[in-house]
Every structure is written in structure tokens, then in C-alpha cells.
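Q: Chains as they are written, first to last, in our numbering: chain A, 1 to 117; chain B, 1 to 451.
No lab work stands behind these hints: they were computed from the structure.
Only part of the chain B face toward chain A is listed, based on derived beta-carbon distances under 7 Å:
{"no.": "1", "residue": "Phe139"}
{"no.": "2", "residue": "Lys162"}
{"no.": "3", "residue": "Glu166"}
{"no.": "4", "residue": "Phe169"}
{"no.": "5", "residue": "Gly176"}
{"no.": "6", "residue": "Leu184"}
{"no.": "7", "residue": "Ile187"}
Where a beta carbon is used, it is the ideal one built from N, C-alpha and C, also for glycine.
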Amino acid sequence: MDAYLPYLLCLVLFCIGIYAVISKRNIIKIIIGVIIAEYAVNLFLILVSYKAGGRSPIFSQTQEILPEAMVDPLPHALVLTSIVIGLATTAFLIALAVRLYGKYGTFDNSRMRELRG
Amino acid sequence: MITESTIPLFVALPLAGAFLTVLLKKIKGIPDTFGVMVTIGTFVMSIFAVLQLEIGQKVICNVGNWGGFQEVLGKIVGIQLVVDGLTAFMLVVVNFIAFLVAVYSVNYMTRYTEKWQFYSLFLLMLAGMNGVLITGDMFNLFVFVEIASIASYALVAFGTGKRELEASFKYAIMGGIASLLILLGVIFLYSNTGTLNMADMTRILAGGDHPALLYFVFALFLTGFGLKAALVPFHAWLPDAHPSAPAPISAMLSGVLIKALGVYVIVRIFYTVFGFTHEISLVLMTMGAISMGVGALVALRQWDLKRLLAYSSISQVGFIMLGFGIGTPLAILGALFHLFNHSMFKSLLFLDSGAIEYEAHTRDLKEMGGLAKKMPVTNGTTIIGAMSLAGIPPFAGFWSKLIIIVAAVQANHMKLAAWAVLMSIVTIAYVLKAIRFAFLGELKKQFANIT
Numbered sequence: 001m002d003a004y005l006p007y008l009l010c011l012v013l014f015c016i017g018i019y020a021v022i023s024k025r026n027i028i029k030i031i032i033g034v035i036i037a038e039y040a041v042n043l044f045l046i047l048v049s050y051k052a053g054g055r056s057p058i059f060s061q062t063q064e065i066l067p068e069a070m071v072d073p074l075p076h077a078l079v080l081t082s083i084v085i086g087l088a089t090t091a092f093l094i095a096l097a098v099r100l101y102g103k104y105g106t107f108d109n110s111r112m113r114e115l116r117g
Numbered sequence: 001m002i003t004e005s006t007i008p009l010f011v012a013l014p015l016a017g018a019f020l021t022v023l024l025k026k027i028k029g030i031p032d033t034f035g036v037m038v039t040i041g042t043f044v045m046s047i048f049a050v051l052q053l054e055i056g057q058k059v060i061c062n063v064g065n066w067g068g069f070q071e072v073l074g075k076i077v078g079i080q081l082v083v084d085g086l087t088a089f090m091l092v093v094v095n096f097i098a099f100l101v102a103v104y105s106v107n108y109m110t111r112y113t114e115k116w117q118f119y120s121l122f123l124l125m126l127a128g129m130n131g132v133l134i135t136g137d138m139f140n141l142f143v144f145v146e147i148a149s150i151a152s153y154a155l156v157a158f159g160t161g162k163r164e165l166e167a168s169f170k171y172a173i174m175g176g177i178a179s180l181l182i183l184l185g186v187i188f189l190y191s192n193t194g195t196l197n198m199a200d201m202t203r204i205l206a207g208g209d210h211p212a213l214l215y216f217v218f219a220l221f222l223t224g225f226g227l228k229a230a231l232v233p234f235h236a237w238l239p240d241a242h243p244s245a246p247a248p249i250s251a252m253l254s255g256v257l258i259k260a261l262g263v264y265v266i267v268r269i270f271y272t273v274f275g276f277t278h279e280i281s282l283v284l285m286t287m288g289a290i291s292m293g294v295g296a297l298v299a300l301r302q303w304d305l306k307r308l309l310a311y312s313s314i315s316q317v318g319f320i321m322l323g324f325g326i327g328t329p330l331a332i333l334g335a336l337f338h339l340f341n342h343s344m345f346k347s348l349l350f351l352d353s354g355a356i357e358y359e360a361h362t363r364d365l366k367e368m369g370g371l372a373k374k375m376p377v378t379n380g381t382t383i384i385g386a387m388s389l390a391g392i393p394p395f396a397g398f399w400s401k402l403i404i405i406v407a408a409v410q411a412n413h414m415k416l417a418a419w420a421v422l423m424s425i426v427t428i429a430y431v432l433k434a435i436r437f438a439f440l441g442e443l444k445k446q447f448a449n450i451t
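Take these sequences, add in the hints, and give me the full structure.
A: Okay, here's the thing in C-alpha cells:
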């Protein structure tokens with residue numbers, strides 16, 4: 001059971017994020033929802049590389065370490081990229097929120113009615 | 001000309017152009033020059049790529065060549081860039097439209113301040129799209145999708161009016177969720193196959209049966225890239241985002257972005273990586289048919305010219321997906337042909353709508369009228385684009401739709417063929433509506449001084 005707990009946490013976080021995006025009216029809360037969902041995905045990416053009792057992926061001159069015994073290093077590189085992309089998206093969304101606040105004087109989504117469905 | 005060492009230029013040139021534009025923004029005329037020169041460069045390179053690539057040939061570039069290509073545990077680790085037939089074709093479409101849009105923007109964008117921001121974002125978006133087309137690596141694909149998407153969110157908000165900001169916010173939130181789903185799909189694929197290289201992945205997936213996990217990945221990718229391609233259940237952002245952007249960017253978004261980020265990637269992943277199965281065919285055909293219908297029928301009741309064109313984009317992407325969904329060689333030919341045609345005439349129509357807005361200062365069809373006398377050139381090009389969109393015989397749009405419909409009949413999908421014919425007729429209806437209200441009829445008083 002313990003082995004599944006981190007995955008469960010991922011699922012719960014992702015659902016919280018999506019719930020916030022769908023149901024919240026305040027655009028800051030929507031942005032926070034996107035960030036939470038994003039971090040759930042990043043956590044999942046790290047979990048994929050996890051190996052019980054795995055070593056850090058560094059070759060050594062003095063002792064023989066098989067590649068099979070190492071933690072998969074690729075997802076660690078990927079998650080860095082993914083975090084940077086998330087940062088760019090978040091920064092852009094917040095800049096938009098600031099401009100929207102300047103135009104409407106509110107963060108309430110339901111009062112922004114310029115566009116019709 | 002198209003060798004290993006020139007492939008990265010498709011991404012490197014626009015990227016360099018984007019950064020140099022920001023650096024040298026003080027010098028007058030630099031943004032225009034860079035925008036046009038870079039797109040001309042990539043366009044010429046894509047032409048060479050198509051001319052020199054032999055059938056079935058693949059040009060592969062190992063980025064950096066730093067030794068990641070000695071296989072670790074039997075799998076390639078480094079990033080590969082691949083140019084094959086489909087890629088070369090898409091490169092020509094994307095870079096040709098980008099070149100035309102860059103030339104058009106030289107004059108059009110003088111209405112806005114800070115032209116260098118526009119060209120810098122535009123070139124970043126081009127870099128992202130070219131990257132999506134040439135990459136042979138799953139995660140790299142995700143990164144390039146994000147580069148193109150974030151640049152396009154910013155470009156949609158370029159006018160910084162209420163409308164633009166709101167449309168951009170909606171687009172950015174939906175695009176952000178789509179990217180998360182795509183990343184999730186990539187992670188599942190990686191954990192299942194242990195590689196990110198598409199060629200390796202194909203080999204590993206072809207070996208075994210499709211496990212249940214793969215169907216979950218199908219769903220994730222279909223939702224994620226369906227959002228980017230604006231297929232119907234996921235289309236809500238497009239009718240807001242595309243009309244809100246400045247006209248050249250609407251042309252770019254509707255003409256190539258939804259195809260490079262959406263349709264191309266769906267085809268690439270579902271055809272070459274997963275292998276084309278009966279279920280995928282069924283899903284793509286259904287989504288194509290629904291998009292086709294909803295897009296066309298909603299376009300009928302639009303009064304905003306650009307919004308009408310945006311809904312028509314949804315409908316035409318439906319046609320393209322239908323062709324890919326049928327999956328016979330003839331249908332794929334038709335779909336590719338229609339993709340090419342659609343990017344041409346839809347870009348043309350959006351640029352025309354920009355010209356109309358430039359002169360008449362309105363996008364509402366009810367307020368226009370009689371513009372044919374004042375804007376003969378725009379009138380002519382709009383009619384050509386509209387006839388091609390509607391599928392009137394001598395124009396290209398007719399032949400591509402005909403090929404798709406014939407392919408549907410040959411593959412025994414009679415109902416789909418009939419549905420496609422019906423939707424073509426609806427297309428004619430909304431196209432005629434746009435022309436009738438914008439160009440024909442009495443000239444309104446307020447347009448009397450347009451020259």
C-alpha cells in the first residue's frame with residue numbers, strides 16, 4: 001500500500017488543480033489551479049524514475065556500479081525543463097491577470113463579459 | 001542543401017532572429033528586415049528540403065553528437081531531428097505562410113506600437129512550429145509545442161484591449177491544461193517503453209500487444225493535441241482567440257498553428273509511433289465528422305467576419321481529420337492536399353478581413369456593405385479565397401474535398417461521404433453570406449471616403 005501513496009498524492013493534487021480551474025470564478029485561483037495540476041505532473045515525472053534502493057547515477061573510478069542499480073537520471077533532466085516551462089506559463093498568466101485587473105478593476109471571471117460564447 | 005548540418009537551422013534561424021530583433025530594436029527598420037529575411041531563409045530551405053528528399057528517405061541529425069548516441073542499455077538517449085516526407089511538406093506550408101504573413105505585417109502592424117515585440121514573438125512562434133515538425137524526440141516535441149503555444153498566447157493578447165486579454169486568458173488556461181495532459185502522456189509512454197526517441201518507441205510498441213495503458217495514453221494525447229487542433233469537444237478557445245489576434249496572427253494561427261501543433265502531431269503520433277489501428281481510425285473519423293458539422297453550422301449564425309472564419313477553420317480541420325481518419329492512401333492524399341489548400345485560402349481570407357478592418361474599422365457584417373466598389377483588389381482575392389473554401393469547381397478547395405469524399409465512398413463510409421457533401425453545402429451558405437454582406441449591396445455612407 002505504501003508504494004502507491006505517492007501516486008495517490010499525484011492523482012489528488014491533479015484533481016484539485018483541475019477542480020480549481022473548472023469551478024473557481026477568481027482568475028488568480030484559476031491560475032493557482034493550473035500551477036497545482038502542473039506540480040502534480042512534475043511529481044509524477046520524478047516518481048517514474050524512482051527505484052527502491054537505487055544509487056545516484058554517477059560512474060565511479062573506485063567501485064563498480066552497474067547502470068541497472070542506478071536511479072533513472074533522464075526524468076530529472078526532463079522535470080527541470082518542465083518546471084522552467086511552467087514558470088514561463090505562470091509568469092505570462094499573472095501578467096495577463098494584472099492587465100485584466102487594470103481593465104475591469106476585479107478578478108471576478110463572471111464579470112468579464114466582452115466575449116460571447 | 002538538406003543535409004544533417006542544415007536541419008537545426010529551421011529552428012536556429014528564427015530563434016536567432018527573435019533575439020537579435022530584441023537586441024537591435026533601437027535601429028529603425030530592423031524588426032521588419034529580420035522578420036522578412038528569416039522567413040525567406042527558412043522558406044527557401046524548406047523548398048530545397050522538398051526538392052532534394054527522395055521518396056521514403058529520412059535525413060537524421062543527432063543534436064550535439066555528444067556521445068548519447070552510443071546506446072545506453074540498448075536505447076538512444078540524445079535528441080534526434082528527423083526530416084522525412086511529411087515533415088518536408090509541412091515545413092513548406094508553415095514557412096510559406098510565415099513569409100507571406102511577415103511581408104503583410106510590415107505595413108499592417110504600424111497601427112500598433114512596439115513592432116519589435118510583434119516580430120520577436122512571431123519568430124519565436126515560427127521556431128516552435130518548425131521545431132515541432134522536425135523533432136524526433138517525444139519530450140523535445142512537448143518543449144517545442146510549449147514554445148509555439150506561449151508565443152501564440154502572447155500574440156493573441158497583442159492588442160491589449162478587454163477582448164484580447166480575455167480571449168488570451170481563456171486560450172492560455174486551456175492550452176496550459178492541454179500541455180499538462182500531453183506531458184502526462186509523454187511520461188506514461190516513457191515509463192512504458194523506457195525511451196523518448198520516436199523511432200525506438202515505434203520499434204518497442206510494434207513488438208508487443210497494445211497494453212491497456214496505451215489506450216489511456218491515446219486518450220491523453222487525443223485530448224491534449226485535440227485542444228491544440230481545436231477539434232470539436234475541445235474547440236471553445238478558438239472562436240475567441242483567433243478573431244482577437246491582429247489579422248496577420250489570425251492568419252498564422254488559423255492557417256498553420258492548429259495544423260502544425262494539432263493535426264500534424266496527431267498524425268505523426270498515431271500513424272508512425274502507435275501504428276494505425278481500427279479504433280484510432282474510428283475515433284479520428286468521428287471527431288472529424290463532429291467538428292465538420294458543428295463548425296459549419298455555428299459559422300452560419302456569426303455576424304463577426306473573423307469569428308465566422310474562425311468557426312469555418314474548425315469545420316475545415318474536421319475535413320482534414322476525416323481524411324486522416326479514413327486512412328486509405330487516397331484519403332491521406334486528400335487530407336494533405338486539403339491541409340495545404342486550407343492553410344492557403346484561410347490565411348488569405350484572414351488577411352483580407354484584416355484589410356477590411358484596416359479600412360472600414362469594423363468587423364461586423366451588418367455594418368459593412370458595398371465595399372466591392374471601394375476595395376476591388378480585396379474583393380477579388382476574398383472571392384477567390386471564399387470560392388476555394390466553399391469548394392466551387394475550378395478552385396483547389398473543390399478537388400481536395402472531392403478526393404476526401406471519393407476516398408470515403410471507396411472505403412464504404414457512405415454516411416460520412418453524404419455528411420461531408422452536406423457540410424460543403426453549408427460552407428457555401430456561410431461563405432456567400434460573408435461576401436453578400438461585406439462586398440455587395442448598397443455602399444454605406446460612412447465608407448464613402450475610403451480610397
